[in-house]
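These protein sequence lines are chains A and B, in that order.
The numbering of the first sequence is my numbering, which starts it at 1 and goes up by one.
The numbering of the second sequence is my numbering, which starts it at 1 and goes up by one.
Treat the hints as calculated values from the structure; they're not laboratory data.
Check before you lean on any hint, since a few could be wrong.
[Stated by the list, open to error] Pairs of lysine-lysine, PhoX-like flavour, derived with a Cα cap of 20 Å:
hint, chain 1, residue 1, chain 2, residue 2
1, B, K25, A, K99
2, A, K25, B, K126
3, A, K51, B, K51
4, B, K99, A, K26
5, B, K79, B, K140
6, A, K26, B, K140
7, A, K51, B, K99
8, B, K51, A, K19
9, B, K126, B, K166
10, B, K19, B, K51
Model, not experiment: these values are computed from the prediction.
Protein chains: 2
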Amino acid sequence: MSPQVIPPALERLIQDLTKLPGIGKKTASRLALTILRRPAGEARELAEALKGLHSSIQLCSCCFTFSENDPCAICADLKRDSSLICVVEQPGDLLAIEKAENFLGHYHILHGVLAPMDGIGPGEIKIKELERRLDSGEVKEVFIATSSTVPGEATANYLIDRLRHKSVLITRLACGIPMGMDIKYADKHTLARAISSRSKTT
Amino acid sequence: MSPQVIPPALERLIQDLTKLPGIGKKTASRLALTILRRPAGEARELAEALKGLHSSIQLCSCCFTFSENDPCAICADLKRDSSLICVVEQPGDLLAIEKAENFLGHYHILHGVLAPMDGIGPGEIKIKELERRLDSGEVKEVFIATSSTVPGEATANYLIDRLRHKSVLITRLACGIPMGMDIKYADKHTLARAISSRSKTT
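Okay, chain A solo, but in the shape it has when bound (with noise of 0.2 Å):
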């Protein structure tokens, strides 16, 4: 196919729209043309918001959450539990909670996992800054909500060790099978953990 056959601007956005996750140069293609096919108006009210988003987010300076204010609003709310910390990986993790709406503690954002392979070790995340936030001595429980991936355990694990001295409880996200599946299509490892970790009826 001759180069020229998609127009400059229309392979730049397409470029620009592979960076990102999950976007192939076939979901691309299909999102540019979409955007060619709409108003004008469209694109540039998605342009301004892309523009819009870094000079107005930060991190907020207690759980590293993005958010327009610092504190945030779960660490200025003096309704939530402020000696129940969760902490996760991403923000989209705290986000994923929020969502069960049962969690009223605060969180810690650690902003990746231990990945040694790729150079990161405990000093490329947020695990100082979490045992900064301990030493106050006004947290009693750490919940450890990291995912149930190598990684993810991995990172679990060694969180429990470095804060083992510490006067905390330190909790797990509970593992098991997912609400409404049928347990003959669980996979044999969550199964495994499901069963080691059977709750009592009350």
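Following the hints, position chain B against chain A.
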């Protein structure tokens, strides 16, 4: 979840992204959070690409594809066969056919398919413009390459009927089993079409 948990600038971008095809609330959140985690320069670059899109791209006045020049690179290419016109639904279909690298004629973009339920009749897509191109007498073959969906087939059949009295050869894109597919996994409609369109071996 209290609404202020998601910063308004982030929420605005998520809302704008969900307007794109195939992007739901979850994907939009993931994309927006990734953009936010990466350097501001990348978001700015994407914003500029979006802004420049409509201002630098127009429709080719001959084949109606998106192009920075009028006529487009294909219509202006003297090495291509102007007596053969491939009719497609959208500019994205043109790109797909160009990738196959075995079509060397010109194109005509309908910018839609007939969809009476949505109020899209023959006057809403570029059929009159196609007829006008045929009136010049230069075109010998109209190759209809609409999708093999219900509206795509309906549009093809309408075109065949409407162009019947013109002295041009009308051809259709072949339907059959995709390359490399095990026929066990082909759906019965595709298989039926592949059987009735079976070709002689040479």
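So, going through the hints one by one against the coordinates:
In summary, the hint linking K25/B to K99/A is supported, as the alpha carbons are separated by about 13 Å, within the 20 Å threshold. Only pairs whose Cα atoms come within 20 Å are accepted, and K25/A paired with K126/B is rejected, the gap being roughly 28 Å. The straight-line distance between the Cα atoms of K51/A and K51/B is roughly 11 Å, inside the 20 Å bound, and the hint therefore holds. The suggested pairing of K99/B with K26/A holds, with an alpha-carbon distance near 12 Å, which does not exceed 20 Å.
Taking the CA atoms of K79/B and K140/B, the gap is about 17 Å. The hint holds against a cut of 20 Å. Distance hint between K26/A and K140/B is unfulfilled; the C-alpha atoms sit about 33 Å from each other, more than 20 Å. As the CA atoms of K51/A and K99/B are separated by approximately 34 Å, the hinted pair breaks the 20 Å bound. Taking the CA atoms of K51/B and K19/A, the gap is about 18 Å. The hint holds against a cut of 20 Å.
As the CA atoms of K126/B and K166/B are separated by approximately 17 Å, the hinted pair is consistent with the 20 Å bound. The suggested pairing of K19/B with K51/B holds, with an alpha-carbon distance near 17 Å, which does not exceed 20 Å.
Against the hints set out earlier in the document, violations occur for numbers 2, 6, 7.
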